[in-house]
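A.B. asks: Keeping the supplied structure of chain A fixed, place chain B upon it in accordance with the hints.
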Amino acid sequence: MTTTAAVGLAGQNALLRGSVSAAIVEMLDALRHSVVQVRVGQRGGGTGIIWRPDGAVLTNYHVVAQGGSDLQALFTDGRLLEARLFEADPSLDLALLEVSARDLPAVCVGDSARLRVGELVFALGHPWGERWVATVGVVSGLGTLHLPGHRSSISFIRSDVRLAPGNSGGPLLNARGEVVGINAMVFGGDLGVAIASRVASEWARDATSRRARLGVEV
Amino acid sequence: MEEQNQGLELLAALSRQMADAVDHISPALVLINSRPRLPGSGIVFSPEVVLTAEHVLEREEDLTVLTYDGRTLQGRLIGRDVTSDLAVLRVPGLNLAPALPASEPARVGQLTLAVGRPSAEGPMASIGIVSAVGGPLRTGRGAVLEKYIRTDATPYPGFSGGPLIDVEGNVLGMLTTGLVPNVALGIPAAAAWHIADLLARQGFVKRGYLGISTQPVRLPPHQRAGRAQEGGLLVVGVQEGSPAAKGGLLLGDLVVSLDGQPVSDPDSLQALLVGDRVGTEAKVEVIRGGELKTLTITIGQRQ
Chain A
609 MTTTAAVGLA GQNALLRGSV SAAIVEMLDA LRHSVVQVRV GQRGGGTGII
659 WRPDGAVLTN YHVVAQGGSD LQALFTDGRL LEARLFEADP SLDLALLEVS
709 ARDLPAVCVG DSARLRVGEL VFALGHPWGE RWVATVGVVS GLGTLHLPGH
759 RSSISFIRSD VRLAPGNSGG PLLNARGEVV GINAMVFGGD LGVAIASRVA
809 SEWARDATSR RARLGVEV
Chain B
-18 MEEQNQGLEL LAALSRQMAD AVDHISPALV LINSRPRLPG SGIVFSPEVV
32 LTAEHVLERE EDLTVLTYDG RTLQGRLIGR DVTSDLAVLR VPGLNLAPAL
82 PASEPARVGQ LTLAVGRPSA EGPMASIGIV SAVGGPLRTG RGAVLEKYIR
132 TDATPYPGFS GGPLIDVEGN VLGMLTTGLV PNVALGIPAA AAWHIADLLA
182 RQGFVKRGYL GISTQPVRLP PHQRAGRAQE GGLLVVGVQE GSPAAKGGLL
232 LGDLVVSLDG QPVSDPDSLQ ALLVGDRVGT EAKVEVIRGG ELKTLTITIG
282 QRQ
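Line order of the protein sequences matches chains A and B.
Just so you know, the first sequence maps onto residues 609 to 826 in the numbering used here.
Just so you know, the second sequence maps onto residues -18 to 284 in the numbering used here.
Bound-form chain B, shown alone:
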């Protein structure tokens, strides 16, 4: 009997904790008017900056933000990054405490709430668990998401740009259904906060660029030029005047590594071309005519 009562108390406590979590995030959760009919959600990133999903911003003018305490404020777009589906707005007078990212990354099985503010009626929530933490994921927008959170929590209309929270009310990730249509994915808080910080400071995210089209191929044992690697990237196109062309990369070359990191598919190459590599020299190893060659390429910036 005592065990039973204890169980009921724990159940009530869990229920209360989840409602508390929604209360905790609610002041840092805004509604964003940026497209006809359906609003989006946004997360307070700093006292005057809001983080949201890029695809929610169907226009760049006349952006308004509705706060938890009923204020409607004008927002100005500072930066948007199509590839990660993140955007930040500056909202003068917002003056709200920022949402806090969870101290630990999401773990599979963890309880999570998807929270949004799709209407003036108040926050909405749905429950689920962290179903998977995976990556890299090639999205329909030509982007590679290094890490993503998959959840079975229902993404109600207007939830994109809002948070996935843990039972403490801290942010595990930003929810979006824009990267893979109609699939609820969370961009992990660490990555989202990093990109939001870049967008807030400089208005764009630098992405490295080589200027080649490639195709993954299997390397027969006798064509591996002494390396153990079983696959490489066949260069099927080199853009004129691109960093790759200037560095001497040719059609038919087999790219096997960049800066000593083996590359065997376009995603692994993309993952190495992160923003802080722009403008720096990289050693690119290729197999050309059965022999290993090392080229030096200065990584450019994707426009």
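Bound-form chain A, shown alone:
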């Protein structure tokens, strides 16, 4: 009886050996290179997401609002690059930064409209300035709100992933490692709030094309 139980347990462990846990480790280990620390005036301000390989970094507007021209991005390989504020939307709390670099490891953006309450999510960021910290939780709730100056309602994600100042602007990731939200916490409360990735990617695309048009006109 005891022997059978022991064999059963050992068999189970062999099947599961490191699998789920190791998958999380590997996933986050790869993704951390797509996350930067946004530094404002030599101090750690928040988190940024490498949005495109050409040097576009997405973060929260409130992270860089006080930064003026003194913005930098710290990469996992130790590079500290000057960053320029490219576009910002205070009402969405989003900002696009530009760094002079090519072939950066950009994130995969998932479809936040397909998120379900209860599914696993992860956060990567720099809470209290501690660099590249990962936390886990689930999607606690999905909501929408109307913002002045925006035609359609804005989707947001609540989660129980532990966040702290310094996580702002960092990614909320699903179990496939895709960015489904931008951790913002701006809507307050005792739970984390993230701006849905669909809202962020539409805004980033529009912001970039708007700049391109202006460039032609000038």
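For the record, the hints were derived by calculation from the structure and aren't laboratory data.
Among the hints, erroneous ones may be present.
[Said to hold, decoys possible] Quick look at which bits of chain A chain B covers, simulated, 3 or more residues with Cβ under 8 Å:
1. 719 to 728
2. 749 to 760
3. 781 to 788
Since the model is a prediction, treat every value here as computed from it, not as a measurement.
Ideal Cβ placement from N, Cα and C applies to all residues, glycine included.
C.D. replies: Showing chain B alone in chain A's frame:
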């Protein structure tokens, strides 16, 4: 590489399973309007009955229930039990499939989701594990919870009265922050369902009553009247006309057992005075003047 892919698939499967669990419980999860500002949550117990946390019901009139499919229905209080923080409402026209209790009691380490319906926006969830399964627990409401589930899942405002579920979407317990303020405790499904059944049928829960105040004391070896038991309950008050007074219990008696079960603290005595003992005779052993005496007391009902 294959191992890695398998791991990612398992991770995705676990994530999907938890979202499925929320979907599974969601139709049996209601919002309860019973206090100003903050609603509570409730669990569908039978097609027209909802189970919730007693402390959520700050009023007994004008109770409304919001269902997963957007219906607002009137609820009527059938019974509330302050000591266990459970209450049941009858909701005519509810007509929903009841939530299912998990087939096995909660185990420490088990993944759990706290689920509530604090707003019309949909269900909310937080993840944790079963941190402890303990008991008895003396609560701030003069109650003794024989068994409780402790979890590190976040109890968001409005979650009291909702379920703690397993990854299958079955109920491990009813979540409440009312028994110990701001601490997320689950009343195990078996106990919650039993009490809810009593409340639904008779509107109240019988609790046994003796009518004494006691204090636990250590018994020096020479005062144990030949028993091995190291502690007993010193009677420091006997209510006039109470079952204990009628049975001949006196101030200064040391209660050592009830129905042959040793008692050495108020909780263990309380645990023996369960509802089905009301009206029956119990043999109570006391040490009086260094000698063991057996009294017969008819257990009364706590009002």
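A.B. asks: Tell me whether the statement that chain B covers the stretch 719 to 728 of chain A is true, taking a Cβ distance below 8 Å and needing three residues at minimum.
C.D. replies: holds (count 5)
A.B. asks: Check whether three or more residues of the stretch 749 to 760 of chain A sit with their beta carbon closer than 8 Å to a beta carbon of chain B.
C.D. replies: Coverage by chain B holds here, the residue count being 3 at a Cβ distance below 8 Å.
A.B. asks: If you count the residues of the stretch 781 to 788 of chain A with a beta-carbon closer than 8 Å to a beta-carbon of chain B, do you get 3 or more?
C.D. replies: Since three or more residues must qualify, the claim that chain B covers the stretch 781 to 788 of chain A holds, with 3 doing so at under 8 Å.
Hint violations for this structure: none, all hints satisfied.
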